[in-house]
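Q: Read off the chains here:
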Amino acid sequence: AQSVTQLGSHVSVSEGALVLLRCNYSSSVPPYLFWYVQYPNQGLQLLLKYTSAATLVKGINGFEAEFKKSETSFHLTKPSAHMSDAAEYFCAVSDQAGFQKLVFGTGTRLLVSP
Amino acid sequence: EPEVTQTPSHQVTQMGQEVILRCVPISNHLYFYWYRQILGQKVEFLVSFYNNEISEKSEIFDDQFSVERPDGSNFTLKIRSTKLEDSAMYFCASSERGATDTQYFGPGTRLTVL
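Quick mapping for you: the protein sequence lines, in order, are chains V and H. Just remember that this note's numbering sits 341 ahead of the position in the first sequence, which is counted from 1. Just remember that this note's numbering sits 154 ahead of the position in the second sequence, which is counted from 1.
Honestly, I wouldn't trust all of these hints.
Claimed, not checked - Derived CB-CB ranges, DEER-like:
hint	chain 1	residue 1	chain 2	residue 2	range
1	H	I214	V	S367	18 to 26 Å
2	V	S425	H	L193	18 to 26 Å
3	H	E222	V	S425	48 to 56 Å
4	V	S411	H	T256	23 to 31 Å
5	H	I208	V	A358	41 to 49 Å
6	V	S411	H	S235	28 to 36 Å
7	H	G170	V	S355	49 to 57 Å
8	V	G357	H	P224	44 to 52 Å
9	V	H351	H	E172	34 to 42 Å
Said to hold, decoys possible - Calculated lysine to aspartate or glutamate pairs in the DMTMM-like style (CA-CA distance at most 20 Å, straight line):
hint	chain 1	residue 1	chain 2	residue 2
10	H	K196	H	E213
11	H	K211	H	E198
12	V	K399	V	E429
13	H	K211	H	E239
14	V	K399	H	D255
15	H	K196	V	E429
Said to hold, decoys possible - Derived list of chain V stretches under chain H, where covered just means 3 residues or more per stretch with a C-beta under 8 Å from a C-beta of chain H:
hint	stretch
16	384-397
17	446-455
The set of hints was computed from the structure by calculation and includes no laboratory data. All residues carry an ideal CB built from backbone N, CA and C; glycine is no exception.
So here's chain V without its partners, still in its complex pose (with noise of 0.2 Å):
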């Protein structure tokens, strides 16, 4: 069954700082990986995926995450967070064979000041 973990329910961070947002997977097939955030009181929009093209990949507001099959992880990162960054973000997991569903890690609160 696959699996996704998320270490750290909130991280901090001041305006300017480094993002970075962990997410280990766990899959007995290649998975598909994808983050998304969710604003307060909004659905969840999505920020990147992984299809098992380029390793590292580029999404929306600057995000970016390496896929590392070795270290089985998908880590999320931003080089300068904004305070219009503050969210929830989910990591997901599905995979190749042609299962439909998201598994969603338990989620990470970006805290961002001043």
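Put chain H on the given structure of chain V with help from the hints.
A: What follows is chain H alone, placed relative to chain V:
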């Protein structure tokens, strides 16, 4: 930009009552999904739907739940006899193709069962 819409945004019901949550997926999408998020917990897959039938469902999706695409635009989730533990945020999502295609999420319906 096309988006998934959901109504109502908040539904309050008494235990044992039936509720219908409504979603309008993006118009050219063929795959539809329901997820739920109990307060403070992870987003969980409920069901996927394609070609007018359920293609996958989770163990949460028992006989109390049903889905329907009654016309060319709506996708509904029905809970026949609500329980207190059904209180959650319910998200509808749609994708153009299945499997690993990007799923676009609606803003959610918050269901409160009293």
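Q: Against each hint, give a clear statement of whether it holds in the structure.
A: Hints versus structure:
1. H:I214 <-> V:S367: 18 to 26 Å: Given range 18 to 26 Å: holds, Cβ gap about 21 Å.
2. V:S425 <-> H:L193: 18 to 26 Å: holds (25 Å)
3. H:E222 <-> V:S425: 48 to 56 Å: violated (38 Å)
4. V:S411 <-> H:T256: 23 to 31 Å: holds (26 Å)
5. H:I208 <-> V:A358: 41 to 49 Å: holds (45 Å)
6. V:S411 <-> H:S235: 28 to 36 Å: violated (49 Å)
7. H:G170 <-> V:S355: 49 to 57 Å: About 50 Å separates the Cβ atoms of G170 (chain H) and S355 (chain V), which means 49 to 57 Å holds.
8. V:G357 <-> H:P224: 44 to 52 Å: holds (50 Å)
9. V:H351 <-> H:E172: 34 to 42 Å: holds (38 Å)
10. H:K196 <-> H:E213: Holds - the C-alpha atoms of E213 (chain H) and K196 (chain H) are around 16 Å apart, at most 20 Å.
11. H:K211 <-> H:E198: holds (11 Å)
12. V:K399 <-> V:E429: holds (19 Å)
13. H:K211 <-> H:E239: Given that 20 Å is the threshold and the Cα spacing comes to 18 Å, the pair holds.
14. V:K399 <-> H:D255: holds (17 Å)
15. H:K196 <-> V:E429: Holds, at roughly 11 Å.
16. 384-397: holds (count 6)
17. 446-455: Our answer is that it holds, as 3 residues pass the Cβ test (under 8 Å) against chain H, meeting three.
Taken one by one, the earlier hints fail for this structure at numbers 3, 6, listed in ascending order.
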